[in-house]
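Position chain B relative to chain A; hints supplied.
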Amino acid sequence: MTSRRDFLRGCLAGGAAAASAVLPETACARDTLQRPPEGLGLLYDATLCVGCQACVAACKQANGNPAEFSAMDKLWDSPLDTSGHTFNLIKMYRNGTMETKDAEENGFAFMKTSCMHCADPSCVSACPVSAMTKDPVTGIVGYDADACIGCRYCVAACPFGIPKYQYDSPTGKIGKCELCRHRHKDGHYSACAEVCPTGATLFGRTEDLLAEAKRRLAAKPGEKLVVPRGRLPKPGETAEEAARWKGLVDQSYEAVAGTYLQHVYGEKEYGGTQVLKLSAVNFQKAGLPDLPPKSSAATSETIQHTLYGGMIMPIAVLAGLTWVAKRNVVPEDDDQKGGKQ
Amino acid sequence: MSAHHPAAPVGGKLFNLPVMICSLLIAAMVAVLFVRFIFGLGAVTNLNDGYPWGIWVVFDVVIGSAFACGGFSVAMLVYIFNRGEYHPLVRPALLASLFGYTLAGVGVLFDLGRWWNFWHILWPGYANPNSVMFEVALCISCYIIVMWIEFSPVFMEKWGMKVQKKKLEKVLFFFIALGTLLPMMHQSSLGTLLVVMGPQVNPLWQTPVVPLLFLLSAITIGYGVVLFESCVASSAYRMEIEMHLLQPLAKVMLGMLSVFLIVRFGDLVVRNAFGHALQPTLEAFFFWLETACFVLPYLLVGTAGARRNPARLFLAGVAIMLGGVLLRVNGFLIGYDTGLGVDHGWNYFPSIAEMLVTIGMFALEVLGYIIITRRFPVLPRSAAAH
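Chains A and B, in that order, are what the protein sequence lines are.
Numbering-wise, our numbering puts 56 at position 56 of the first sequence, and it's gapless, one number per residue.
Numbering-wise, our numbering puts 128 at position 128 of the second sequence, and it's gapless, one number per residue.
If we strip away everything but chain A, and leave its shape as in the complex, we get (with noise of 0.2 Å):
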């Protein structure tokens, strides 16, 4: 009998930390995060891209990255996707004749690869050595090659498949956009931005770029609309403030507005993104994945902290199995029972 009350007495015990497991919503729940206020980011624009493919170059010149070749001859770079020495990528939607641009049947649209600068990032959440970071206040997600250990596991848990690694070096590091922040304080923004000439891809606060946005959804296909290049100001922006980055403020033009679909890509998907985005075509046929508006790290973080937060569940635990294997554990020469027998 003494062995069955035993027997229940560690059920209870052992079961007290699994039992947890399956109670994540608690009073440790972590709700997705929000873009900070003054975040940074860009408003990519697939009806007004012509894919001259000038932001790809310019950002392999901006972040010191070598040419990749997918043709026999090795003449231009030419990758197939972002890799660890390609952080920014135009992509082809095509279809049937592809007679077409920005249609679904019998033609193509283009689709700029390259980090989305999450409210919520699961590379931040997943980053065992925090290598991965978002700034407070830019909300820009970098990376610190001296810190990062190359476990890739900001590589697995990405759902735009953005944090990239080196696989061809023995040093190899981990590369993705930081919307050129190494180069912000000389002036420059994204390269990318920079050098886009139909604006179809745009510097600016997220939240300048979600309004801007939302404009021109609400413009009627076809009707003329004068759109920004460049850097998109913040309104009432002063002098002082527009000093602080290189080029011309104003660089628009007329343009006519697409057919687009009315949804900001960006907007609401796992808790937002600061990089935003238009199409005319279906953004999964694009190749942007379908995301909830919760982020996987409220999820996973709800579940450690519930588990683990303040280490209070472990030490309970750890106090249980100590009483009770303090009674279980005998001696080596006081063979009389429990572990012992």
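It should be emphasised that the hints constitute simulated quantities derived from the structure, not laboratory data.
Bear in mind that the values here come from a model prediction, so they are computed numbers and not experimental data.
Please note that the accuracy of each hint is not assured.
Distance condition first, Cα-Cα at most 30 Å in a straight line; then the derived DSS-like pairs of lysine-lysine [said to hold, decoys possible]: (1) A/K326 x B/K166; (2) A/K326 x B/K170; (3) B/K165 x A/K326; (4) A/K326 x B/K162; (5) A/K60 x A/K224; (6) A/K326 x B/K251; (7) A/K101 x A/K185; (8) A/K224 x A/K214; (9) A/K91 x A/K214; (10) A/K326 x B/K167; (11) B/K158 x A/K326.
Just chain B now, kept in the frame of chain A:
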């Protein structure tokens, strides 16, 4: 150990065929690793950005550590649930765990792209307590140390350190408690690793209860591994199989397995995810393969009569281990899809060189087990033929 079954070295020659084979496999592994560290991961592995984790993570670490749960499962049965009759199984099981975990810890280094920074994970300045990987790494590191302490009486017996052994035994209960808590923590967290990957993981494996599934399956695998190891060790060393222990242990294993299966299928029904198992997909096929492995032990050792057959006990252990392999491979590789169904053209199948490293690691474990059981008091003496 017990008065009736004191542990003793098996003895015998160290140079024989199994040892030679293990040594060759280990040499092959060292050669591959040489290339890996000079030229990088891409030179020997088929890893890519769609599948950044291959068999070195999933087999060597996630599965390797689950296979090493024998020590934890048996110690919990003996010391927490006070089933002293299983005590002769503790040392052999703990030894296998010790090797499994130590090598999983070393194996991680092969896979780390920036391995010289590995100490960051234990250094407070770099810590990210939000990261599941951080918890796993810290917890496994602590557990490896705790296990060496738990196992150290074996060395003290061999080298006649009676005073030190007595002192250690006074506080051993605390390390045994710690050695029960730590695997509960990281074996569940190894499952939680999947959660942040979000919808990239098929709903058959992406669930908030995945930590519980991994923990319950790890405990079950622990008993399966003991059945497997006891049968293999008995046959290799020509010792009597401890049927009087393995029979009831198999029953305990089936009990744990039932709890696991109730949670597994209850969760699928509650989340309305069972439909994914009924589609004509590769994922669904592997789900049923995994389930079949977990159900097989009921057919093999479901009755008391069947449990008297050592071959059936052995096969039941193997089936549980295979089920555990599939649960983990399915979650991390088969059911994982970068870009959620948007076809980016990523594929992964391990290269020969990658497999040589994984095989070499298992060979290293077998070699270590042979050397220690032949020279140190681990296996029960009464059953030893030598």
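Do the hints match the structure? See the list:
Among the hinted pairs, A/K326 with B/K166 is consistent with the structure: their alpha-carbon atoms are about 15 Å apart, no more than 30 Å. For the proposed pair A/K326 and B/K170, the alpha carbon gap of about 9 Å is at most 30 Å, so the pair holds. For the proposed pair B/K165 and A/K326, the alpha carbon gap of about 17 Å is at most 30 Å, so the pair holds. Only pairs whose Cα atoms come within 30 Å are accepted, and A/K326 paired with B/K162 is accepted, the gap being roughly 21 Å.
At most 30 Å may separate the alpha-carbon atoms for a hinted pair to count; A/K60 and A/K224 exceed this at roughly 34 Å. For the proposed pair A/K326 and B/K251, the alpha carbon gap of about 27 Å is at most 30 Å, so the pair holds. Between A/K101 and A/K185 the CA atoms are separated by roughly 38 Å; this puts the pair beyond 30 Å, and the hint is violated. In summary, the hint linking A/K224 to A/K214 is supported, as the alpha carbons are separated by about 16 Å, within the 30 Å threshold.
For the given pair, A/K91 sits about 24 Å from A/K214 by alpha-carbon distance, which is consistent with the 30 Å threshold. Between the alpha carbons of A/K326 and B/K167 the distance comes to roughly 15 Å, so the proposed pair stays at or under 30 Å and holds. Distance restraint check for B/K158 and A/K326: the Cα-Cα separation of roughly 26 Å lies within the 30 Å cut-off, and the hinted pair is therefore satisfied.
Hints 5, 7 from the list above are not met by this structure, while the remaining hints are.
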